[in-house]
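Take 0 as the starting number for the sequence shown in numbering that gives the first Met the number 0 and just add one per residue.
Heads up, a few of these hints could be off.
To be verified - Now the in silico label distances, taken between C-beta atoms and shown as ranges:
(1) G79 - A39: 32 to 38 Å
(2) L114 - D170: 43 to 49 Å
(3) A131 - M211: 41 to 47 Å
(4) Q9 - K54: 38 to 44 Å
(5) G6 - V118: 50 to 56 Å
(6) R109 - E199: 44 to 50 Å
Derived by calculation from the structure, the hints in this document are not laboratory data. Computed from a prediction, not measured in an experiment: that's the story for all the values here. No residue lacks a Cβ here, since even glycine has one placed at the ideal position from N, Cα and C.
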Amino acid sequence: MRRRSAGGQQIVNATPADIINMSLTIQAPCPASLQSAIDAATARGVIVVVAAGNKADQAARYAPANCNNVLVVGSEDARGQLAFYSNFGPEVHILAPGGDVFADSDGDGRPDGVLSTRVTQAGCYDPVDRGATERCYYSFQQGTSMATPHVSAALALLASQTGLRGRPLRDALVTRALAPHPEGFAQIDCARSRNASPIEAGSTTCARPSGMGALDLTRALP
């Protein structure tokens, strides 16, 4: 990447990114300018990892998930099911932990969200004595914006381990670090899934198209 300083001198980035994380969505066709930037990055061997979106809707309706040359990430909850809010569809490639702040699957008294850095004054407590505090710097969140960095980090770890970059690295993630979904579908509670069909008559479990599988780095251990 090259740019010029205020004095007209050319500035060269000596350590350009190999992996770009885009935890953002807009409900729109993929803008031409965005597609051009993605294409330029991937032509350099960069992997662009993007969020599927949080509207429990078709990912095809949201950019950059509907752009070409991206790795689209949806959310799974703590039980390994498709998160109720996650966008879905054939555009989604991978599910990763995205959290569910309305559930407590392990009964530990804390929501199943992804603990994230964020300054907040809502519901703060000391993690040691559980006493109330005025402000905290971590909080539980949910979303495909939480899931996408898990995949970006997994790619970075695999790159460090293997020396791979670009498409070979992406292929290594798929072959070595995914728990496959049967026929490309992930399960979800029917009660939390709009307009989804049960996997069989009378079942409370539904399924939505959600990519090749769920992130599982234990499969990539030497």
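Outcome of the hint check:
The beta-carbon spacing between G79 and A39, approximately 36 Å, falls within the hinted interval of 32 to 38 Å. For the pair L114 and D170, the supplied restraint of 43 to 49 Å is violated, since their beta-carbon distance comes to about 31 Å. A131 and M211 have their C-beta atoms about 44 Å apart, which keeps the hinted 41 to 47 Å range intact. Judged by the Cβ atoms, the range 38 to 44 Å given for Q9 and K54 holds: they are separated by roughly 43 Å.
A hinted range of 50 to 56 Å is violated for the C-beta pair G6 and V118, which are about 37 Å apart. Between R109 and E199 the beta carbons are some 34 Å apart, a value that contradicts the proposed interval 44 to 50 Å.
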